[in-house]
Each structure stands twice: as structure tokens, then as C-alpha cells.
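Residue numbers (the numbering used here), protein chains in the order written: chain A, 1 to 247; chain B, 1001 to 1474.
Worth flagging that the hints you see were computed from the coordinates, not collected in a lab. Among the clues, some could well be false.
Claimed, not checked - To give an idea of the chain B side of the interface with chain A (calculated C-beta under 10 Å), a few residues:
{"hint": "1", "residue": "F1003"}
{"hint": "2", "residue": "A1013"}
{"hint": "3", "residue": "L1050"}
{"hint": "4", "residue": "F1172"}
{"hint": "5", "residue": "K1175"}
{"hint": "6", "residue": "G1397"}
{"hint": "7", "residue": "G1448"}
{"hint": "8", "residue": "P1459"}
As the list claims (entries may be wrong) - Subject to a maximum C-alpha distance of 25 Å in a straight line, what follows is the list of computed PhoX-like cross-link-like pairs (lysine-lysine):
{"hint": "9", "chain 1": "A", "residue 1": "K91", "chain 2": "B", "residue 2": "K1235"}
{"hint": "10", "chain 1": "B", "residue 1": "K1014", "chain 2": "A", "residue 2": "K91"}
{"hint": "11", "chain 1": "A", "residue 1": "K185", "chain 2": "B", "residue 2": "K1014"}
What the hints assert, rightly or not - Label pairs and their computed distance ranges (CB to CB):
{"hint": "12", "chain 1": "A", "residue 1": "T156", "chain 2": "B", "residue 2": "L1038", "range": "22 to 32 Å"}
{"hint": "13", "chain 1": "A", "residue 1": "L202", "chain 2": "B", "residue 2": "P1176", "range": "54 to 64 Å"}
{"hint": "14", "chain 1": "B", "residue 1": "L1421", "chain 2": "A", "residue 2": "T68", "range": "23 to 33 Å"}
{"hint": "15", "chain 1": "B", "residue 1": "M1269", "chain 2": "A", "residue 2": "R232", "range": "45 to 55 Å"}
{"hint": "16", "chain 1": "A", "residue 1": "P168", "chain 2": "B", "residue 2": "Q1196", "range": "16 to 26 Å"}
{"hint": "17", "chain 1": "B", "residue 1": "E1035", "chain 2": "A", "residue 2": "L123", "range": "28 to 38 Å"}
{"hint": "18", "chain 1": "B", "residue 1": "D1147", "chain 2": "A", "residue 2": "L123", "range": "35 to 45 Å"}
{"hint": "19", "chain 1": "B", "residue 1": "L1038", "chain 2": "A", "residue 2": "R232", "range": "29 to 39 Å"}
{"hint": "20", "chain 1": "B", "residue 1": "P1176", "chain 2": "A", "residue 2": "N207", "range": "48 to 58 Å"}
Since the structure is predicted, the reported quantities are computational estimates derived from the model, not experimental observations. Glycine residues also receive a C-beta, built at the ideal position from the N, C-alpha and C atoms.
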Amino acid sequence: MKISLFITCLNDTLYPKTGIATVALLERLGCQISFPLEQTCCGQMHLNSGYQAETLELVRRFIEVFETEDAEYIVSPSGSCVAMVREYFTKVCEWAKDTALETRAKKLSERTLELSEFIVGILKLEDVGAYYPHRVTYHSSCHGLRTLALGNAPYTLLKNVRGLELMPLENAESCCGFGGTFAIKNPETSTAMLSDKMRCILNTKANTCTGGDNSCLMQINGGLSRMNTGVRTVHLAEILTQTEGGA
Amino acid sequence: MPFINPTTYQKAAKIALENPQLRRNLGKATTAIREKRLKVVAELPDWQALRDAGAAIKENAMQRLPELLLQLEQSVQKAGGKVHWATDALEANNIVSRIVKAHQAKEVIKIKSITTDEIGLNDALKGSGITAIETDLAELIVQLAHDHPSHILVPAIHKNRAEIRELFLKSFNIKPEDLSDEPRALAEVARRYLRQKFLTVPVAISGANFAIAETGTVGVVESEGNGRMCLTLPKVLISIMGIEKVLPELRDLEVMLQLLPRSSTAERMNPYTSLWTGVHMGDGPKEFHLVLLDNGRTKVLADEVGRQALHCIRCSACLNVCPVYERAGGHAYGSVYPGPIGAILTPQLIGFETDHAQSLPFASSLCGACYEVCPVKINIPEILVYLRGQVVEQKSGFFNLEGTALKSMAWVFMDVKRYELAQKAARVGQLPLAKNNKISSLPGLLAGWTNSRDLPSVPKQAFRDWWRENKGKS
């Protein structure tokens, strides 16, 4: 199956390992991957900060880069950036009353998928043959949980990883306090939310917290690292790509 | 709106977050009500269909608002009530004062109503020499403490029973040995005080949960029975409602009265549902006034995206699930409408000119829990994001660091060459800041992050560079 990789600017710049793991994983699962080098940012940061004119131009640019891709799906290892494409691209066009772009946005958003929903929903795989001998808990980022309704997909994949002990997380559905611009504009509230999230993570006794969004993991790891907790965050793709004796 | 605290959300929240008692009170109360709500909602197999129906009823009502309000006026008049139109808080307060004075009343008893808090009715009446007595237990607590409500449904959610006992000891001159902090004992003190007021005060003031255009019926739902007392005992009843509360037909209540109690108090049915239509000989008040309040609502209705905020039925489910509200509490929002709904309603009602109003749409991590529980499906995250655009527009023309930064970033993202150069620049620029692959201290706007969190350093190779090297030719 031909897919086009939407890496996101955050992964591209700060978390290349996640991208490399996504490529290795999807190739192992039989996908043919293209990566349009013209891609930059989907505009989520600008939208969430209130810069709608700039967002519209970034949305237009994103559509131009990806709509000509000869791929059945556009896949991304980020729930929140996929949510931007799926939930907000058409809204941004609608607010700007650009109906032509809205039609193109709708078409593109229909074939844009988050990594775990692509593997479980499209490739119809629940076991990707991974091996990861650690105690892991999963943070279901809000965009993945509510906007994309990923449901059991990431849990199903994790449960089938050999050696992995999946620890249930208390208050799993509550926000980690990242919220993009929120974490910087309201650092005190954001930190209060993070403290509660960290407490729940530490209570699981897991040594690794995983998730489908490096933005939330950046927030969580930022706190775990500052407190020297010894617990780390690892993107889901980096777990699923590991195999016994290899990778 | 009178209860507007001009402090920005960020500053007010910072103070609130430093109060451990408040954090405990809020955490306990919101967690309990959240769990209860989940349970009663799960009992209804058609909950999602009910939400759709609720949303459709409100959307339809908003589209036909002028027509429905005129129909409501006629129906109320036909049933023997009087209808008053108020453009703003001042007009509404004057109307109420005039009616109370016409009956030579020095006191009025009140049913919990946020709309009357919005217009600052109690203070306005005080200015006319009239004492307003709150009869809802929590509102009474807030009033006795000279405090402000911090929750739409549970105005004293920020106080625990030990604090309430202290307040009652002082307010009612009770000896410490005569009052415990048992909820029953505390309620008994309020009951004795209020019962006398119900029997003697000639004028009652209420808000309205709904008003039915078809019949002129007005409705209030409540839990304590104080509302029923106010609605039936005094001679005169004045109800003040925002114009968005009108519903077309009586049968719309079938949907709303299922959605509201489960979403608000997490009950299958609220203990008291009072519906009244005009006046009746020998039963209830002899005089009924309905004050229809605009106070900025028409302006909100004119905004195609923002108008959804007017669909709100004030259940407060969005407050109870909001992780921001749970930490910072209601007062941090500086408005009678706190929480997620307040963050979208307040700035639209009062305008985006002040720092306070501008801070509200940003008082959210956009986690979407509010949208998930809203009984009439208001897409609060969408409106928050949309209103942020209005804040930025309001600020345009003034220099601000954030605007410059975000516009520069957009310029960078618009061209892949500039983007790749910026990646390289970040790698070099971080050198004095990065230690052990992390950054623990940043200046300026980003200090908010590093004050409590580390940031990963920028790795030597971006993903795209790896791709070029390893996959580029294949």
C-alpha cells in the first residue's frame, strides 16, 4: 500500500527518532512510503494562537503539498496534527469563506490518518510483531481520544507487544496540560495539570510512558525529567518498531 | 456585567493555584459529580440522540428568536402576566426596582439566578433601599460571606463545611458548641432563617431555565424547594431571563428536562420542577412580571460561529469536567460565567477590549472534555479557537512580541528553504542553553515553559536530513 508520510514540524525538528521508527515500522508492515520534502507545518500552532490569516495560508500550502501525492493515505505519528487536518482544515476555510479550498480540504482530510488508527483500521493488524520488554503505561492524548476517537487501537497494539507489561493509568482521559500555546500562556495551570498527570503515571510503577503525540510527551517528559523521576517517555512508533533481536 | 474582575485569567489563576484548600475542595467536588454524571448518563441508551435533539431545538429557537420572543410576550400577556424588555443591565435593574417599590417592599426573596448576578441586581436593589435575600443555600452562603459564586450550579463549591460553619457562627450569632459542621445541622440553620422570610416577604425574584413561546409558561428547576416557596408564597413574582432561554413549544421540555438534571446535578430528575403560566385566582402570585434581557446577546447572535454559546442551558457539566476549572476554580475567570462556557460567553457579551476578556479564550488546553459532555453539543473548543482569532484581531496594530514571533514563524513555514535554515539556526542557537540533551532555562516568552519543565535539545539531524541520506534516492 502506498502511503505518504506527514511527519509534523515538531517530529521533524525535535523527534527525528519517531519519524525513523515510523518509517521502519510501516515498511516492515508492507507499506511503500513517500515523504514530500516540501512539507513544513500544518498550522495548528497558529490556529490555536489565534493567527487565522497565517493559518489559512499554511493550510493552503499543506493541501498543495499533499493533494498531489500518489498515495492512498497520508499517515502521521501525531494525533493532534491529524486532528488539525481532519477537524479544523475545513473550519478554517469556512471561516475565511474560501469554499474552493474547503472542498479540497475535505477531500484531503478524508484520507489523513493517525498511525495507530491506520495500522488497526486500514492494515487490519493488531499484532505488529514487536518486542519491548518494559513496564509501559499509555497516555491517550486528548486529540487522539476525543477528536479522532482512536478508542482501543493504541491499546490493542500495545497489548500485543511481546515482553511489554501494559500498566493501566488512572484518570487516563484527563489532559496532561500541554495544549500548545496554553503551556506557555498559562504555565501555572498547565503545571498543576501536569503534576496530577505525573502522579498518576508514577503510581502505575511503569518505567516508560508512551503516547501517540510527541507534543504531550514533551510536556510529560519535561516534568518527569525536571523531577528526576527516572521514568521516560517514548513515542508509540518507537515501541512498535522494536523487534526481538533486531531493530 | 457587574461581577467582572478585571484581573486576567492567568494572574487570577496563579493566586488560586497557590491555595491548597481550594484545590482540595474543587478536586473533591468535581471528581464526585463527574463520576455520578457518567453513571446516570450511561442509563439512557438514547443519550446521544437526546443531545442531538437538544442541539436541534436550540438551533431552531435561535434562528427564530425575534418571532418566538414576540409570541412569548403575547402568550404571557394572555395568561395575565406583564412583559418588560430590557436592553441592558441598567434597564433591567430599573424595571425590577420600580416594580418592588410600587409594592412598598423593603425586602425581596430570590431564587438562585445567574442572570440576576450578571446584571448585579442585588447591588442595584440595595441602592434603592431594597434588601435582596438569597434563598438557595449555597447562594445564601456566598451572600453572607460577601463573596462571589464560583460555579454555575454550586456557587459555594470553593467552600467546605468547616468554612461554612465558621461563617454561620458569625452571621447568625451562634455559640460554637451549638453548631456542628454536619451538613444537616448547617442546612437547619439556614432553613430556620429562610422559612420566616418565605412567609413574610411580599416579592420574589427568579431567573428562568426555560420559557415556552407557545404557552407563555416559565420554568425553574431546583433541588432545595426554596424555589417552590418563592414561586408560590409571595404576592408578586418577577422573573428575569436572558432572551436565549425561550423554547418554541411545551413538548421541547421533554428533551430538555431529561438533558438538564443528568448533566447538572447528575440526577435522573431534579427534585423540584416548577412551571407556571401567568397568574391564577386563589393560587400563587397575584402579579407576574417577565423581564426579557438582552445585555449583549443580540450581538452574540449575529456571529455565525460564536452564537452557539447562546445554546447553553446552564447545566455546568463543562465546568465539572474541565481540567482547567478543576485546578484554578471559578473565580479565576473573573465573571459570573466561569469555566469553559464562561470562557466563550463572557468575552462575547462584554467585548474583547480588556486584557481580562482577551485572556479568557486562552484559558483552555483545548482538551475537548467540555464538548464531549455538553447536553446541547456546543463545540466549545471550536469557539475558543475561533474567538482567539478575535483577540488577535483586537490586538493587531499594537506591537507585541508574541504576534511578531508567530508571524515570523508563519513566514518561515511558508517556504521549505527558510524552514530548513531555521532548523539549522535552532541547532546552533541552542548551544549555550543545552546541557545533557536538554534545556532547563529559557528567556522571555518561553521561560513559562522552563520554569517547571525541561525541554529536549534540538538533535543533530532532523528527520528530513535522515530521509535524504537514507531514503532520498530510492
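- [ ] Could you check the structure against the hints above and give me the numbers of any it violates, in ascending order?
- [x] 1, 3, 4, 5, 6, 9, 10, 13, 16 and 18
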